[in-house]
Amino acid sequence: MSQTTWVGWDRLDVRQRLAALRKALPWLGAGLSVAVFVADLSLPRSIATGAIYVLCVLATAGHPSRNMTLGVACLTSLQTVIAATWTAVAAAAAWADAVNGAITLAAIWASAGLLLAHLRTTVRVAEVEERALADATWLARTLASIGDGVIAVNRSGSVRFMNPVAETLTGWTAGEAVGQPLDAVFDIRSEQTGEPLPNPATRALEEAPAAGPAGAKLLQSRTGELWPIDESASPILDDLGGSRGCVVVFREISERRRREGEMEIRLRESGHRIRNVFANMRALLTLCERTSATPADLVKCMELRIASLVRSTDRLQHAPDGATSSHDIIVGELSPYLESRSGRLRISGDDVLMAPGNSLPFAMIIHELANNAAKYGSLSTERGRIEVRLQRRVAGVIALDWREFDGPPVVPPQRKGLGSQLISGLVRMQFSGDWNPDYAQEGFRCTVTLRLPDESVEAEPL
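Residue numbers for the sequence shown follow this note's numbering, so the first one is 1 and each next one is one higher.
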């Protein structure tokens, strides 16, 4: 217990005693300076007084208290005045020695005080500069890590900073852009007309509310590339609310637009398929009505066709785990409309095993062709028939020929329907291919060229 108490006293009480001694040193120095002054009067030949003066100065000049330093300076000055006055009156050597000692003390005190003050100021300035440099480095790294482009400009509109994302999109390096007008670095144009648009920093520099996106905009880089962007600009304010410049933040939105486009296509496709459900039901009802002698036959026919239609729809929603025969896909998509009659569908040419990534869009193309044939083409009549031929032209490229016979007279559409748009979009985006519809009077026909993005395996020719 005693050892623990001694350690606690050593760590706490000693520090307190040293702090108290440090506070007492200036008073000790002031007292010694008075004592030395008196000693100089009575012991003019003393050689120790100079050293004592130096100790007094060292004890007081470095004190952090401004009031204490001023007090010692006043005391020294007062001693000098008194000694000089009495020397002039008495003309005594002792007084002359006292004057010399006081002046020496004042000179040493002033020199040491100025030196220590300069050292303290230098250290503080270095600390402030170090903190400012650390803050600037941290801020620069933070801005460089932002995923959006950032450009800061001063009040005259000249670039002061840009991060790596801004360098990539504008084609300017930070070293090249600094000092350049923002209009030269950040060249934005209308997506509709291609005309230059007002710089967003102008409004921000005029201390207007933050300027945000206004219509579709393109950023033209230094190399001529065009990037669709969203941007905003806000003023940089000082502590008094005055504008010191502005910051422009922008991001490239090609990927976002692509996702939005895909979402729009899916929503339109969903609406189209909902409408097709009713159209398919009507077509199936008409087909079953022709071949059914009794209501029971009609119900049975509808049950079979609806079940087949559900299987076809499920195939569109869930891609198969393995490769699928193109022949099986065609038969599966057309079977709900064939009325169980042979001869209505003829498939020839190469049977291609479609990889999972290809089978779903291929089935969707056949589904749309079959759906249009059931609503407007050969499958809408009792004797109509379809011939489908698949042919591998070169490695990775197949051609699908679709021909309809014995259907109603073909009337070319006045506009491109959604089904045709879906076929065209699937062929172009999923297969980088082409499709050429021909609304011939004797029957609709088309040729679809598909470039398979995934490897598919050719089976035996049919």
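To be clear, the hints were calculated from the coordinates, so they are not data collected in a lab.
The reader is advised that the hints may include incorrect statements.
[What the hints assert, rightly or not] List time: in silico SDA-like cross-link candidates among lysine to any residue, alpha-carbon distance up to 20 Å: (1) K375 to R258; (2) K217 to D238; (3) K375 to G417; (4) K375 to A440; (5) K217 to P228; (6) K375 to A323; (7) K375 to D350; (8) K217 to R258.
Status of the hints after comparison with the structure:
Of the pairs offered as hints, the one joining K375 and R258 is violated, with about 32 Å between alpha carbons and a cut-off of 20 Å exceeded. Simply put, K217 and D238 have alpha-carbon atoms about 31 Å apart, too far for the 20 Å limit, and the pair is violated. Restraint check for K375 and G417: satisfied, since their Cα atoms lie roughly 13 Å apart, inside the 20 Å limit. Proposed proximity of K375 and A440 is supported: the alpha carbons are some 17 Å apart, at most 20 Å.
Between the alpha carbons of K217 and P228 the distance comes to roughly 6 Å, so the proposed pair stays at or under 20 Å and holds. Note on K375 and A323: the hinted pairing is violated, with a Cα-Cα distance of about 30 Å set against a maximum of 20 Å. For the proposed pair K375 and D350, the alpha carbon gap of about 28 Å is over 20 Å, so the pair is violated. The straight-line distance between the Cα atoms of K217 and R258 is roughly 16 Å, inside the 20 Å bound, and the hint therefore holds.
Against the hints set out earlier in the document, violations occur for numbers 1, 2, 6 and 7.
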